[in-house]
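Whenever a hint applies, use it, and build me the whole structure from the sequences.
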Amino acid sequence: MRIAIPVDEKSLETSVCVSFGRASYFLIYDTDSREKVFVDNSAAYSQGGAGIKAAQYIADSGVSALLTPRCGENAAEVIEAAKIKIYKTINDSISDNINAFNEGKLAMLKEIHAGFHGHGGK
Amino acid sequence: MKIAVLSGKGGTGKTMLSVNLAAAAKKSNYIDCDVEEPNGHLFFQPKELVMEGISVKIPYADDNLCNGCRKCMDFCRFNALAYVKDKLIVFEEVCHSCGGCSLLCPERAIFEKDRLIGQVQRGISDNVTVITGILNTGEVSGIPIIKNILNIDGAEKDYTFIDCPPGSSCIVMESIKDADYCILVAEPTLFGVHNFNMVYELVRLFNKPYGAVLNKCLEGENPSEVFCREKGIKILGRIPFDKEIGTLNSNALILARQNKKYKDMFSALLQIVTEEVRHETVTNP
Ligand code: SF4
Ligand code: SF4
Chain E
1 MRIAIPVDEK
11 SLETSVCVSF
21 GRASYFLIYD
31 TDSREKVFVD
41 NSAAYSQGGA
51 GIKAAQYIAD
61 SGVSALLTPR
71 CGENAAEVIE
81 AAKIKIYKTI
91 NDSISDNINA
101 FNEGKLAMLK
111 EIHAGFHGHG
121 GK
Chain L
1 MKIAVLSGKG
11 GTGKTMLSVN
21 LAAAAKKSNY
31 IDCDVEEPNG
41 HLFFQPKELV
51 MEGISVKIPY
61 ADDNLCNGCR
71 KCMDFCRFNA
81 LAYVKDKLIV
91 FEEVCHSCGG
101 CSLLCPERAI
111 FEKDRLIGQV
121 QRGISDNVTV
131 ITGILNTGEV
141 SGIPIIKNIL
151 NIDGAEKDYT
161 FIDCPPGSSC
171 IVMESIKDAD
181 YCILVAEPTL
191 FGVHNFNMVY
201 ELVRLFNKPY
211 GAVLNKCLEG
221 ENPSEVFCRE
231 KGIKILGRIP
241 FDKEIGTLNS
251 NALILARQNK
261 KYKDMFSALL
271 QIVTEEVRHE
281 TVTNP
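Sequence order for the protein chains is E and L. First residue of the first sequence: 1, per the numbering used here; consecutive thereafter. First residue of the second sequence: 1, per the numbering used here; consecutive thereafter.
These are calculated hints, taken from the structure and not from any lab test. No residue lacks a Cβ here, since even glycine has one placed at the ideal position from N, Cα and C. Keep in mind that the hints are not guaranteed to be accurate.
[Unchecked claim] In the EDC-like style, the derived pairs of lysine to aspartate or glutamate whose C-alpha atoms are separated by at most 20 Å in a straight line are:
hint	chain 1	residue 1	chain 2	residue 2
1	L	K87	E	D60
2	E	K85	E	E111
3	L	K85	E	E77
4	L	K85	E	E111
5	L	K27	L	E230
6	L	K85	E	D60
7	E	K10	E	D92
8	E	K105	E	D60
[To be verified] FRET-style restraints, in silico, Cβ to Cβ:
hint	chain 1	residue 1	chain 2	residue 2	range
9	E	D40	L	T137	35 to 41 Å
10	L	C170	E	N102	27 to 33 Å
11	E	G62	L	M51	47 to 53 Å
In structure tokens, the structure reads:
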């Protein structure tokens with residue numbers, strides 16, 4: 001099974017990014033082969049709707065789960081429509097979260113926040 | 001003449017000033033562009049109200065026609081569209097109703113429908129026609145409402161006062177776009193100067209003639225006044241910090257309609273503003 005995690009850097013020592021839509025990269029991890037691939041999040045620099053664009057990418061990537069500390073409501077709508085499960089990360093360590101996921105210890109992300117779709121400088 | 005009243009943040013007296021100038025004029029329009037929190041109507045208590053719903057065009061796709069080419073998504077710079085499991089999802093609050101996606105869809109799969117985002121209330125309060133834009137809560141952009149309420153023929157009225165939203169975001173730009181003159185309201189504090197500077201830069205960017213009104217003036221040093229002097233900003237008038245003004249204003253009473261003292265104060269200010277606007281239109285037609 002493949003899972004996605006928003007991360008700050010393109011390295012194995014990187015930590016979980018606090019934001020989903022604005023994360024610089026996504027780590028796509030294969031729980032069977034243990035293969036790790038880093039992909040750019042092209043949505044990170046979008047002016048608006050970053051969460052939607054990032055979610056579209058995740059939806060297209062064919063992962064089965066997303067591990068993230070938080071997720072906006074629009075992004076969650078896309079990801080849920082793609083039947084991808086959203087789990088809440090426990091800390092900012094990649095390996096802790098992957099281990100917890102493998103052991104079935106991660107909880108589903110419950111609090112989906114309303115977007116900050118500010119228009120201009122509002 | 002169209003006169004916009006601006007301030008960098010709420011609570012500076014922007015509404016108080018626009019309401020009272022409108023009330024002091026013989027005949028005027030008062031347009032409340034602070035669509036998220038319109039307060040002017042609380043002062044005017046307008047009668048003969050007419051309401052009009054304001055809606056925007058929102059795209060929706062016919063799933064039978066859409067082939068998932070995603071051209072619409074690549075085009076939409078607001079990322080208001082997603083395509084999952086053979087279905088196009090439209091995020092209505094994110095969409096800016098540019099109409100691009102429906103024009104560009106090669107399959108002609110995108111249609112448009114109306115979505116109500118707020119309303120406009122028009123009414124009369126003695127000498128003032130009161131026009132209020134009201135944005136429904138949760139909506140992102142009040143710009144379509146601003147466009148509607150500013151689209152008036154001000155010619156038959158001598159004065160149109162535009163009470164702008166606080167700040168300097170694009171909704172404020174939309175509000176001052178057609179103004180002949182901008183009045184910047186400043187509070188006498190350092191923080192007030194910071195807010196004042198925001199709108200000062202905005203009106204300069206838009207190349208609008210402008211002047212300042214200093215509100216809540218006390219004895220002694222006024223950082224906003226110092227700022228105006230340094231930048232060579234014309235000070236149109238000063239409104240004192242006065243308990244009576246505070247009380248009347250917080251009871252949503254119009255100072256210029258309460259007693260002669262204030263009526264004279266705002267009439268005099270209006271006179272100065274009028275001369276400034278005339279002067280500007282002569283020198284920079
Ligand atoms: S452009 Fe038209 S056909 Fe292509 S994905 Fe969008 S709605 Fe579907
Ligand atoms: S109308 Fe414009 S903003 Fe709205 S979804 Fe279509 S392209 Fe995006």
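Structure-based check of all given hints:
With a C-alpha separation of about 13 Å, the suggested pairing of K87(L) with D60(E) holds against the 20 Å cut-off. Distance check on the hinted pair: K85(E) and E111(E) sit about 14 Å apart at the alpha-carbon level, within 20 Å; holds. This hinted pair checks out: K85(L) and E77(E) have alpha carbons roughly 12 Å apart, not beyond 20 Å. The straight-line distance between the Cα atoms of K85(L) and E111(E) is roughly 24 Å, outside the 20 Å bound, and the hint therefore fails.
Note on K27(L) and E230(L): the hinted pairing is violated, with a Cα-Cα distance of about 36 Å set against a maximum of 20 Å. Proposed proximity of K85(L) and D60(E) is supported: the alpha carbons are some 10 Å apart, at most 20 Å. Our distance criterion of 20 Å between C-alpha atoms is met by K10(E) and D92(E), whose separation comes to about 15 Å. Between K105(E) and D60(E) the CA atoms are separated by roughly 26 Å; this puts the pair beyond 20 Å, and the hint is violated.
At about 36 Å, the beta-carbon gap between D40(E) and T137(L) stays in the expected band of 35 to 41 Å. In this structure the supplied range 27 to 33 Å is violated for C170(L) paired with N102(E), their Cβ-Cβ distance being about 47 Å. Here the CB-CB span from G62(E) to M51(L) is close to 50 Å, well matched to the stated 47 to 53 Å.
The structure fails hints 4, 5, 8, 10 (numbered hints given earlier, in ascending order).
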